[in-house]
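Q: Here is what each chain is made of, one letter per residue.
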Amino acid sequence: MQSTSILSAEVTVALPEKSLVTLTINGEKKQLELAPWTTLLDALREYLDLTGTKKGCDHGQCGACTVLVDGKRINSCLTLAVMKEGASITTIEGLATVDENATVQLHPLQDAFIQHDAYQCGYCTPGQICSAVGLMNEGRAKTTDDIRELMSGNICRCGAYPHIVDAISEVMQIDKNS
Amino acid sequence: MTQYIGKPINRVDGLDKVTGKARYAAEFNVPELAYGVVISSAITKGKIVRIDASDALSLEGVLQVFTHENRPKLAWFDLSYKDQDAPPGSPFRPLHDEKIKYSGQPVALVVAETYEVARYAASLIQIEYEEEEHETSLEANKDRARKPKSGLASALKPPPPKPRGDFEEVFNAAPVRTISRYVHSVEHHNPMEMFATTVVYEKKGKLTIYDKTQGAPNSQLYVSQVFNIPFRDVRVISPYVGGAFGSALRPQYQLFLAVLAARELKRSVRVSLTRQQMFTFGHRPATNQTIALGANADGEMTAMYHEAISETSRFEDYTEVVVNWSGMLYPPENVILDYKLVPLDVYTPLDMRAPGGVTGVSALECAVDELAYKLGIDPLEFRLKNYTERDMNEDLPYSSKELRECFRQGAERFGWAKRNPEPRSMRNGSNLIGWGMATGIWDAMQMPARAEAVLMVNGKLRVSSATADIGTGTYTVMTQIAADTLGMPVEDVLFKLGDTELPLAPIQGGSWTVATVGSAVKAVCEDLGKTLFKLAKKLPGSPFSKVDYQDVVFLDKSIQLKADSALRVSLQDVVDSNGGRAVRETSTSLPNMLQQRKYARSVHSAVFAEVQIDEELGTVKVTRLVSAIAGGRIINPKTARSQIIGGMVWGISKALEEESVMDHQVGRFMNHSLAEYHVAVNADIHELDVVFVEEDDTIVNPLGAKGLGEIGIVGVPAAISNAVFHATGKRIRELPITLDKLL
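First to last, the sequence lines map onto chains A and B. Counted the way this note's numbering counts, the first sequence spans residues 1 to 178. Counted the way this note's numbering counts, the second sequence spans residues 1 to 743.
Here chain A stands alone, though its shape is the one from the complex (with noise of 0.2 Å):
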């Protein structure tokens, strides 16, 4: 097909294909007829209505889409749902835990955040928990400081900051002052 195009001489005008794409998320196999080019955020709000992973800026600028992949925090944004085949997906509707009594364990993290008001309108904060969860699994911050700057790919416009890392160095028992 062709079109009189202002920017470039041709167009084609074609979808790509969709596939099959299986996902483990929150430990539940998933199935999806996916085309290449939905993203894995896109794949969890719009096609699995797990709107707790946000939107930000979609292009790997805030953070707010963190997911952890294999225990890793990514931007779910950035990724596309095919390169994720096969892979264990946790976002943030699955950090907490239903015990033999049906009663809903909140993960340490969320816990802390609710004590400690790390969030004020709350968008970015399913973000800001599991990219704290993802920095608690690489074990390299021994300090606030070490806290602040690995926790620097989740922007909080409410400025919650101070209590962020109120509420995740008390959960990884780091020192307030150091």
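Hint data in this document are derived by calculation from the structure and do not stem from the laboratory. Computed from a predicted structure; not experimentally measured. Even for Gly, the Cβ is constructed at its ideal location relative to N, Cα and C. Where hints are given, some of them may not hold.
Unchecked claim - Only some residues are given here: those of chain A computed to face chain B with a beta carbon under 8 Å:
| no. | residue |
| --- | --- |
| 1 | E46 |
| 2 | C57 |
| 3 | A64 |
| 4 | V98 |
| 5 | E149 |
| 6 | H163 |
| 7 | I164 |
Claimed, not checked - In the SDA-like style, the derived pairs of lysine to any residue whose C-alpha atoms are separated by at most 25 Å in a straight line are:
| no. | chain 1 | residue 1 | chain 2 | residue 2 |
| --- | --- | --- | --- | --- |
| 8 | A | K72 | A | A14 |
| 9 | B | K203 | A | D49 |
| 10 | A | K18 | B | G61 |
| 11 | A | K30 | B | K340 |
| 12 | B | K460 | B | K340 |
| 13 | A | K18 | B | V30 |
| 14 | B | K460 | B | L15 |
| 15 | B | K340 | B | V30 |
Based on these hints, arrange chain B on the given structure of chain A.
A: Chain B alone, transformed into the frame defined by chain A:
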């Protein structure tokens, strides 16, 4: 009773927020949802001469491309497009005609079965423009500055007062004088949640709209008027808002486009903006300020001139209060305050956290520091010497003003007394250290609002008002106020907001929500209490049959005799006696104008900053910030502290980082992403200390609480600028203070 008011309870919506259950405007998924992607104008001024959407329309899954050529007929009069925060002028109408008024203007909406297809289709649309010359630079067009038009909005944003005394004569004769010019850049709100609207197309064309808004009723009003739909057929819901900071005070164009598409296609549509498009509507305007101050030799300020020139769009006169603060904070008798606008080819500016306040006070408080240095007086001592108990603009006393106590407690916490006033006198290795301070002020406003309270058959209390919680803590503090008024545990109180089916409340702005909606919640719970008491009196064998309302209290889910708490009736028994029905009341709370107009009503702060500056690199780090706040009664110290801390982070960000850089050749903001528009990140924020000074105010509203949303930012940029001067000896009068300005 105050079991909860004043207590640092956790946010009642916290669990939803940490588990991902809180849903924002783009997160209400419904069957058969179509997705819209907006195309933004590639030019700044001119017109569209041709749109070729044929490739896009031929794509499988594309439903329609909406442009000015095929949009339906809509409301004609400007008035229909005016929302509650519309400034004087003619509001922008998306897809109205072929004219382009600013860079990034929405010119088309592509709607498709999936987001990805809509996005791809948008890239296939060819638009040809005819460009005209544009003017976007405030600096280059300053000579066109003129007085702003006035309108309804002027009531909340008063123009500068008339000159008083004889500024010129007194200034010219003053032994100590300063004249300086301050330049501030454009800034964008950039809340983390991008603007989005999900329109659910219901039976018979009724619309349920999930919108990102600081006031669901404002969006409802706009949609109803523009599309000529009865109010009852438009319901706007907004339970969570992912930050707004003023950006959602006006309905943005994605709402218009989503509603248009849903009505034309007769199906549910979602339109989300991109981060780049977050730079294509309101912003904090660029400003250019001149301040001249005169003092006598012993440090009494005698003359003050403060002029601000600000930008607006060609179609609306956006104003903010920039200069009036000077006359509210300082007592000189010879004063000229002036404010002018320059219309440019940009979108209309929009209230952004402490609009005008942080702009004017940032300049004023630097100028005051300059004058104090010229006089050789400590900046804190100078402010105490020139303290005013009255708002000199209105010549009214303050309803309360514990600013002196803010100065005292803030200075003590910071260690101000140990400061060596000499610039460049403090060092830490290769770093220069500087200490600076500034004052902050913001209005303590109250608006009318309605609320409903229902004691439900299960004995729980449901209270509601169509206000918003943009992260400020509305859900939590309203729950506290309701719980205390009716003696209920917070666990048994449910507060609902963000829904046009609820009683009317104004847009959430101006730091007035606690004062406004809090007063309505208190009033309606008191009214419900009276009704419950009447029912309790009628119960068989009621202990209250001969008791008056003022002799009882509400405590422990019961009505108790003040004199003998053993004489009580449980609220459950009261509602049980109501024939199986809940007991409900709706009330309106109005500000007590007769009383309030005799006073100036403000919230104040004193801010102390420590900066550390690498002398070779010019990098500035704010190592310590103390903010002492006189904000009346603090309902929840935990959420209040978060608001102030948030404001302080904004202050650091404004002082050192934020700037929407426009290339005036093309008339477009070039750094339209979060990688290039810098906001403070975690590593930029160090020790932040908040002190709430005790302040008793019986005038501002029945709760005695003043709003805290804006005051946190107001004094911070000036305190940092003054600390930078103390560290380096350089006065930087242009914000943000980036390293190039220090080298």
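Q: Evaluate each hint against the coordinates.
A: Now the hints, each set against the structure:
{"no.": "1", "hint": "E46", "in the structure": "holds (6 Å)"}
{"no.": "2", "hint": "C57", "in the structure": "holds (4 Å)"}
{"no.": "3", "hint": "A64", "in the structure": "holds (6 Å)"}
{"no.": "4", "hint": "V98", "in the structure": "violated (12 Å)"}
{"no.": "5", "hint": "E149", "in the structure": "holds (5 Å)"}
{"no.": "6", "hint": "H163", "in the structure": "holds (7 Å)"}
{"no.": "7", "hint": "I164", "in the structure": "holds (7 Å)"}
{"no.": "8", "hint": "A/K72 / A/A14", "in the structure": "violated (35 Å)"}
{"no.": "9", "hint": "B/K203 / A/D49", "in the structure": "holds (24 Å)"}
{"no.": "10", "hint": "A/K18 / B/G61", "in the structure": "holds (14 Å)"}
{"no.": "11", "hint": "A/K30 / B/K340", "in the structure": "violated (60 Å)"}
{"no.": "12", "hint": "B/K460 / B/K340", "in the structure": "violated (54 Å)"}
{"no.": "13", "hint": "A/K18 / B/V30", "in the structure": "holds (22 Å)"}
{"no.": "14", "hint": "B/K460 / B/L15", "in the structure": "holds (20 Å)"}
{"no.": "15", "hint": "B/K340 / B/V30", "in the structure": "violated (48 Å)"}
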